[in-house]
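Asks: For reference, the chains in residue letters:
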Amino acid sequence: MSTGTERTDTVTQGPELDLPASPDLLPKAKGTLPKGTAWGVFVASALVVGGILAATGFSIGLWVVLTVVLFAVATYVLSRVVEGARKATDRLVTVVVSAAFGVAMIPLVSVLWTVVSNGIARFDAQFFTYSMRGVVGEGGGAYHAILGTLIITGLAAAMSIPIGMLTAVYLVEYGKGRLAKAITFFVDVMTGIPSIVAGLFAYALFALIVGPGVRMGFAGAVALTVLMIPIVVRSTEEMLKIVPNELREASYALGVPKWKTILKIVIPTTAGGIATGITLAIARVIGETAPLLIAVGITTGVNLNPFDDRMATLPVFAYYSYVAPGIPREPFLDRAWTAALVLMVIVMLLNIIARIISRAFAPKTR
Amino acid sequence: MTTTEVTPTPRTARPVTQLGDRVFAGSAKGAGILILVVLAGVAAFLLTEAFPALVAPASELPGEHNLAVYIWPLLFGTLLSALIALVIATPLAICVALFISHYAPRRIAQGLGYLVDLLAAVPSIVYGLWGVGVLAPASVGLMTWLNDYLGWIPLFAGPVSATGRTMLVAGLVLAVMILPIITAVAREVFLQAPRLHEEAALALGATRWEMIKMAVLPFGRSGLISGAMLGLGRALGETMAVAIVLSVSGVVTFNLVSSGNPSSIAANIALQFPEASGLGVNVLIASGLVLFLVTLAVNMLARYIVNRRSEFSGAN
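Going down the list, the sequences are from chains Y and F. Be aware that the first sequence starts at 1, since it is given in my numbering, and climbs by one per residue. Be aware that the second sequence starts at 1, since it is given in my numbering, and climbs by one per residue.
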């Protein structure tokens, strides 16, 4: 130890002695911009651009864009003069990266604002209690479509949750070797199946069983199941993997058989996480349009039997109301936007529920 | 005491298996196998239903074209729209991910990440309505500007569509939809970049950008590529946004701002399927099969890159 400290002492002394001898090696002394400079430059560029635009013709979008551009250029030049090229590049990248985040937020805000402002007009009791049977102009609602969405998504969940969870259990607790590898790989592949192809699959399957031109709610549920299974498998697998092995070993040591260990120890330990994943999976598929358009179609009345004929669903209802409106157009467009709003509200609610579940069950230690 | 045990149970290496164990393990395994069967079924049923279109003479097909002549413009439109989306979304997603992982204040970073994830939660039909109702009219000005000043580039040759329902806008909508996917992957790999490398770079006097350039980006390169590929896979298969936004004429053109555009495979199926009958259905399913194969190839390539990385990275 003592030799070590002596050695470092000699090393640190070296440069101190050398420093005055070679001043060229030192970086040139550069100033730094004072702390509030960025804000000052930003406000200045906003004012300059605002002034120029006020003279030529004002538009808020152009104002924001040009302000950011001028801000980036001004910051770079100022910093380059005062602080040097490296610092200037650093500041420029900071501006660009922050601006990119702002750009990414524009569509989110715009989508939310558009859907709420257009959809609020028909967000009334009639929309939730009336179907479209016999409605030609104003009025009517999406009662049939909401029921259809709930039935089809419920069926899809009822099929995909057991299959998905069991597969995840197999992969984590039992699976070793070639079969598990194949399942992992093909679950990944399944994640990438386009939703419309899932719809075509469901149609092709039932066309072979029932006959061509088939449309039924259950076919839509099968299509959604194909889309939902990989999400459930992935999220459940992640959750089961983080259950500590000590819990399993303690259970085995007490003589509990493996299947009971999984059902009573492993899954309850991470139930919150699994429920979160499943909720998010439901949120993902409940907004799917394309497979339902193919396999389920649309109808104007209430149909509660998923094994017989067409059903209405919220996304398809919104789609047809928008692209094939009747005359007059306005009530149809209003209903389309309100259906989109209801769909968004359902998806957001599911997301919030998922957050609450994961928050409530997160530190599960018992 | 010992005399009472007449026949001691033979000890074997195999653990005792109960009936419940066998049933449970069997059903778990069965579920896994069922998934493989379903995937095989997707391919098999699509092939079965597409087969009549593959063997039918050209005179019976819609438009009396060869099947390849029918599908080619659609495939072109699919690839073009996805490519536009990828070109726009990837740099933006990398910047957004960097902002969340390295620039934003630590306390609000997670909340910002959640905001980006919200973009992924919006249903595609809502994006479609937003695209045609808001983005298309709003971008007519931009496209006119592009045509005025960059019209010599074939991409912006015009004439500019008055409604804004162009390939460029469809690509923009797709870019918004795949942005959260690429961002999520990029954020993961940026956060996994070795902390010690970053601190070493900073300690040697690197600025934040130099640190990111030297320590973070090289580490995350393959992760970024696979994230972009996953986004591409999503953009290729996206249906409703393109179906609603794009005004279609079936021409093959690189002109992004005019009103004559090739449709995409997925959008074409969504638009034609409800009214299709007979051989028309088979043709659409055949085009779906092509889409399935293209996305399959893209996704498998992405997974291959991800897996290769996870084996060689020191992060785990």
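Hints in this document: simulated from the structure, not taken from any laboratory. No experiment lies behind these values; they were computed from the predicted model shown. A portion of the hints provided could be inaccurate.
[Said to hold, decoys possible] Just a few of them, taken from the derived set where beta-carbon distance is under 8 Å, the chain Y residues facing chain F:
| no. | residue |
| --- | --- |
| 1 | 43 |
| 2 | 47 |
| 3 | 104 |
| 4 | 108 |
| 5 | 197 |
[To be verified] Straight-line alpha carbon distances no greater than 27 Å define the calculated DSSO-like cross-link-like pairs of lysine-lysine that follow:
| no. | chain 1 | residue 1 | chain 2 | residue 2 |
| --- | --- | --- | --- | --- |
| 6 | F | 29 | Y | 87 |
| 7 | Y | 176 | Y | 258 |
| 8 | Y | 241 | F | 29 |
| 9 | Y | 35 | Y | 87 |
| 10 | Y | 241 | Y | 258 |
| 11 | F | 29 | Y | 258 |
| 12 | F | 29 | Y | 181 |
| 13 | Y | 176 | F | 29 |
| 14 | F | 213 | Y | 264 |
| 15 | Y | 35 | F | 213 |
| 16 | Y | 241 | Y | 264 |
| 17 | F | 213 | Y | 260 |
| 18 | Y | 260 | Y | 176 |
[As the list claims (entries may be wrong)] Computed beta-carbon distance windows for the label pairs:
| no. | chain 1 | residue 1 | chain 2 | residue 2 | range |
| --- | --- | --- | --- | --- | --- |
| 19 | F | 51 | Y | 359 | 27 to 35 Å |
| 20 | F | 214 | Y | 117 | 40 to 48 Å |
| 21 | Y | 138 | F | 52 | 42 to 50 Å |
| 22 | Y | 359 | F | 274 | 36 to 44 Å |
| 23 | F | 72 | Y | 241 | 30 to 38 Å |
| 24 | F | 117 | Y | 213 | 37 to 45 Å |
| 25 | F | 275 | Y | 135 | 20 to 28 Å |
Even glycine gets a Cβ: it sits at the ideal position worked out from N, Cα and C.
Asks: Which of the listed hints are broken here?
Replies: Of the numbered hints given earlier, those the structure breaks are 1, 2, 6, 14, 17, 19 and 23, listed in rising order.
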